[in-house]
Every structure is written in C-alpha cells, then in structure tokens.
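J.: Sequence:
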Amino acid sequence: MAKIRATAAEAALPPEDAPEAAPDEMLPISQRAMLRRPDGYLDALNAEQREAVETLEGPLLVLAGAGTGKTRVLTTRIGHLLSLGRARPGQILAVTFTNKAAREMKHRVAQLIGGAVEGMPWLGTFHAIGVKIMRRHAELVDLKPSFTVLDTDDQIRLIKQLLEAENIDEKRWPARQLAAMIDGWKNRGLVPKRVPDGESFGFANGKGRDLYAAYQRRLKELNAADFGDLLLENLRLFQEHPDVLEKYQQRFHYMLVDEYQDSNVAQYLWLRLLAQGTNNVCCVGDDDQSIYGWRGAEVDNILRFETDFPGAKVIRLERNYRSTAHILGAASGLIAHNQGRLGKTLRTDSDDGEKVVVEGCWDDEEEARIIGEDIEQLQRQGHSLNEIAILVRASFQMRAFEDRFITLGLDYRVIGGPRFYERQEIRDATAYFEVTLNPANDLKFERIVNVPRRGLGEATLKALHQLARANGIPLTQAARIIIETEDLKPKPRKALADLLAAFDRWRALIDGMRHTELAELMLDESGYTGMWQADRSQQAQGRLENLKELIRFMDEFDTLAGFMEHVSLVMDAATEEGTDRVSLMTLHSAKGLEFDTVFLPGWDEGLLPHQRSLDETGRSGLEEERRLAHVGLTRARKSAKITFAQNRRTYGMWQTAVPSRFIDELPHEHVEVAEDKGTRGYGPSRFESAETLFASGFYETPGWQRAQRNRQSGGGGPRREPLTIDGTLVAASTAQGSGLDVGERIFHQKFGYGRVASIDGNKLTVDFEKAGRKKVVDSFVERV
DNA sequence: AACTAATACTTTTTT
DNA sequence: AGTATTAGTT
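Residue 857, in our numbering, is where the first sequence stops; the numbers in between run on with no holes.
If you're looking for bench data, these hints aren't it; they were derived computationally from the structure.
Treat the numbers as computed from the prediction; the structure is a model and nothing was measured.
Hints may contain errors.
Mimicking DSS-like on lysine-lysine, the simulated pairs with C-alpha atoms at most 30 Å apart in a straight line are [as the list claims (entries may be wrong)]:
1. K173 <-> K621
2. K621 <-> K179
3. K535 <-> K280
4. K293 <-> K244
5. K714 <-> K233
6. K711 <-> K179
7. K417 <-> K179
8. K428 <-> K714
9. K217 <-> K280
Based on the provided sequences and hints, a complete structural model is requested.
T.: Right under this line is the structure:
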C-alpha cells in the first residue's frame, strides 16, 4: 500500500514543477524580441486596456464591463510580463473559476508567446491550484499526499452516516441541508470552532458545529478532502505555517485573478495572504456580472478592493466591442436599477442595430414555437445556428425547447447540463479505479460493493461497518477479516471474498499494464460493463458510450493515479464542435460567451427574478437576478429577443404568470414589441385578444395594463401595493376554500370544460372534455 | 435481498 | 408531471 501511495504522490507532482530544477526558463531572446515588434500585442489595445496591461506593480483592479476585452487584457498582461522578462512562467499565479476559463487562458497565452513555454504551471482554477499546493504539504493539514477529492455524492453519503451515528432524524434534518451549511462555512473560511453559535443552532438544535467537526475528522480518517477543503485547508495551511506561506509569497511575483466578483471569503483571504509578498495582485472582474452569490461569492470583495489592498489602482474598461447600441442601451438601462454598484457606463461605437424585441406568449409551448420559428427564419436568411443561443434561467425550461426542436428537426446542443464526471456510470467506474488504488476509501468501496448486484446487501454492509468502526479500520480490511469467520452466510461470504480477490489482482497489475487496458479489465471483470450490456433500457447504450469515452480520456494521462487526480476536478464532457447547432444553456453557463442572436425566454416574475432568490436573500437576491438578466442581454452581438409566458406549469400545475419587472425596467427607446405576424393563432378564442394586444403598442394596451394590475394585486385578491420582494407568486397561496365539489362542472382557461374528479386541498384533479385528466389549482377554474 | 407500491420532492447556478 | 427515494411485501 505504501507503494501505491508513492505512485499517487508522484503522479500528483507532474513535471510542470520543473522550473525549480531548470532555473533559467525565461523566453528565448528571439521570442522576446518578436513580442516587442511594433505591430505587436500592445498596439491592438485601447488606451485603458493598455494601461491595465502595463500597470505591473502594486494592486490593480480592472473593472471590465461585458464585452470590453477582459480576457484579452489578462492574457496580454501575462504575455507582457513574460516578454519583458519580469517573471518566468512559474512565477505567475493566474487563477480562474472554471476549467473552461483556465483552458481558454492557457490557449491564448500559448498563442501569444508562440507556445514556446511548456504552459504555465500555476494557471488554473482556485481548486486545481489548491489541490496542487495541498498535495505538497498534505501532512501539515493531516492528510497524506495521495488524498482523494470527494464529489458531492460522497459528501452527502458521509454526512448521512454521521447523522445516523448521532441518531439524528434524517427526515427533520436532511443531510443535504447540513452539507449546504458546511459548504457555506467553508466558503467563508470558517473552521468548526469558529462557527458562530447562532448558526450552529440552525441545525439539529445546536449540533451543527459538532457535526461539522465530526465530518472533518471523518474526512481525515478517509484521507479525503471535499471541494471546500481545497480552499479552506489551504488557508489553514498558510495561516498555521508561515514558513510555507512565505515560500509561496516568494515564488509568486505576479498574481492575476479572473472574475474576481465571483470570489468567496476563503478565496479572498487566501489571495490576500499570498499578496502580502510582492503585493503585485491584479484582479479583473465586473460587479455587474456577479451571479454566484448563492454559492458564497461575495460581491463585496470587489466593491471593497481599494480598502483591502491599500494603494490600489482602479482601471475601468467601458468600451464595449461586442454589442450594438440598442442592446447595450437596454442592458445598461436595466442594470442601472441596481444600487451598490461601482458604476460603469458602457460605450460603443457600433451602429444602433435592431431594438431588443419583447414578445409575450400564451405558455411555454408557444414560447418554444415562436422562438423555433424565428430561428428557422434566421436560418433561411443564411445565419449560422452556431451564432444563435437560447439562454434560460432554470434548466427545466430547456425541455419545451428540446421537444420543439426535435419535432422541427432543428439541431441544437445543450451546454452545461450534467457534467460528464457526475454521471452515474462514470462515478461507478472511477470508484472501481479508486478502490484499486486506495483500498481504504470506504465511500467509493461502498458505492460499488453491490454494483453490479452481487448479493452484498444491507445486512452484509452493516456487519462490515460494525467491525470497521469497532476496530477503527477501513471497510476493505474489515471485509478481509470477516470472510475468515462464520459471521456471514456462505453466499455473501463468497461474493465478498471474490470481490476482494479481484481488487488484489487488479492492484498487482497497476505497474505492469497500460492503465487504459487495466481500466477496461476492471470494468469487464467486475461485471460492470456486462451490467449495462444486459440492460435493455434506452440509456444503457449511452452509458456504455460514456464508459468508452472515459477510457479515451484516460489515454491522455500517463498513469491511473495521474488520471484520478484530474478526474474529479477537471473533467467535463467534450463539446463537439463543427456541426451547426443552436446553443441551449442557462444564463449562468452563458457568462463569458457571446452570440449574434440571443433569445431570452421566461422573463416571468418568479422565474427571472427567481422566487427562491427573492425569498432567500431579498433585495440583494433581486439585484443578483437583475445582473443575471444583464448578463443575458450582453451576450448578444446583434439581436436579442425577450419573451415571457402568461401561463406556466410549476410542479405539474398550471399557474398564471406575470411579466418580469425587468421588462418594465428596460428603456423604451431601445425596445420594441414584437409585431403581429398573424400566423400565430392558437386554440381558444381568448388568445385573439392577446394578439391584438401585442400588435397595438405594448405598453399602452389593455393586456399590458391588466398584467400590471395582476402584478400589484397578487392575483385578484385584495389590492396590495407593488409586489413585495418576498410576496408570493400570484395564485397558489391565495386559494380560500374554493367550495367546489367532486363531480362539479368547471371551466379552465387552458383546458376548457371538465368535471372535478377529486379534490386535495387547493389541488384539483379534473377530467377535461378535450384535454383528459389534469391536475390544476382551484383558483384557475370557474364553476359553470 | 430483490421487487413493487407509495410518497416526497423537484426547478437556480459549479469546483 | 415526472423522478427519486423509501417502505412494505414476497
């Protein structure tokens, strides 16, 4: 086992560390000269960008609005540092939040400096860099260098076990909730003993902090760290070991942070410690694009930059190179409603272009139909589908579009979605690999002990747990003991013995066999591939494909351990390029991208300012939602269209929706209401009024005003002044005993006439004459 | 231990 | 509405 750890540790310290061994890694003179040529990289910048690139010493905040060349500044700055010989690649720390951004930056730096330098060893996500540092000093944070990074699944599983051990009712205090709390604490840089009493009481009557502490202890026993630890433990490392900190302070001559508005407290503290060395820290960000507050990001970090880093210089990039004047005007007008901004005024030299179009739809299906038609129209006009995107607030919205596009035969791609690594089959497969490498990983062992089914169920697991807990040993070791006894029935005993033997066999092959072959062997011999082959379901084929893809991906690494290092942090599904497809994604995953044409469906009150955001974080939540809307609009280069639905299904029930308040906040001069094409008639006659409504100038129409009234009155109840932030969304909650009885004949806006089949509170099951059996909320039906 | 039925929960976003 | 988890049954 010691041997295995050694391999893992070696793999964890890849050759990128070479700079120390090969001291002079400065770019060759010829290359530096090339970078200096007069038509070179600096000339391509505007005055502010250039200043941002050339201000090398001291703290610098670059406030870069959407489309102002933020990435260009960052990469040019790195190139500049290298070409001036101010730093070697290994002396520049450059952190991003996403793997995508890290890849992009690596790529562009390589382009800039001609790919001569073998990458930048310290360019990566906060988490990836955190792991790298922690592996080198693992013992100082009570881990072994081969520690594994837990995914969210394992995290929950572990917490469940803790709750069980403490006899806490998981119904009342769900593991997810505790996981979220612990995450939150870690994001704020709080170790267990620093958790405030009040918050500790938020879980299981004050056991929150103790559970957190117990969880951390279990992690150490398992030699594992969760995502939060990659930052928190790093911070602890620096705080408790000034000598280590000093080493890194000296190493990093220049520090760059991308998307600083997304940083959380732990990241901020980490950065500030490092910056106390040279103080050459450059943060790039946009407070108007801070959309990860719910995940612990602190807009405050960017708002306070000048106080945190005394003597800081602030440069604003306000020239937008992306969007037309109308789009920019609409976006700026919207975001101006936020308070607590650093304030930027985006300018552009572009033409006015087209106004932002707003169109109301009957329901989400019509929304998808209208947008589908628009896209087909664009396609006929010769636009590339790759330049069209649909940006939604929540992923459930995607479904209507996917359905529609499939019937239209329109090619689309979903960006984001479940990450490759998060798929069940990938997690299972990597669990096999992990247990082979590290038999002490109880969580992974538990994951696959009975996958595929081997007859090792609850009873066996319980026995194993008991033995393991009593002796303080890993499950696999307990298994080894238990198969020598009579404690298990013959069948499970044999199955367990076989499994252990298999792991031993695979482990013996690690050094003697190509790791991709070994991986295939493991999946075959364990019966895992067989399990999916035998599965006749729709998805089984896809899962097998994914497993193949996994093996292909592994090929890019030299060892199994080296692959495992990256799998949890950096692996995401390959996005096939090449084909012409419409992109479908959430607003969050659209940040940093741009398209000629952007569709923004679902600007409904409760969905675009998302109700949950409003409920949980009030005003600041509303402002974050507004920033999300702003991010959406600013993705568009040439045209943007906003739609909303008047009826939407939530949790399977129809509710009337009200247009988003953000629509009203758009400056009139940059907006036009969709003209009536006369081809969109839909079902019931009441829709005709909606058509005329949109044809005759939106803001003055009766329909619009009705929507306004609805918004303010909370859905027909007694009038309430402007919808309060935590006001509930129209219908559902206003139902006061409907007085309906089973068997009564009713009318519903969408489904027409029907008879009540059963009543459950305010939820009705109705047999409609045309639409069949549906569940609806009683306030949407009227007695006839 | 495995299968079926009932119930609860969902719909923010990501390393 | 649909999925995921859980409880109850064989």
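J.: Where does the structure disagree with the numbered hints, that is, which hint numbers, in rising order?
T.: Going through the list in order, the structure violates hint 5 alone and respects the others.
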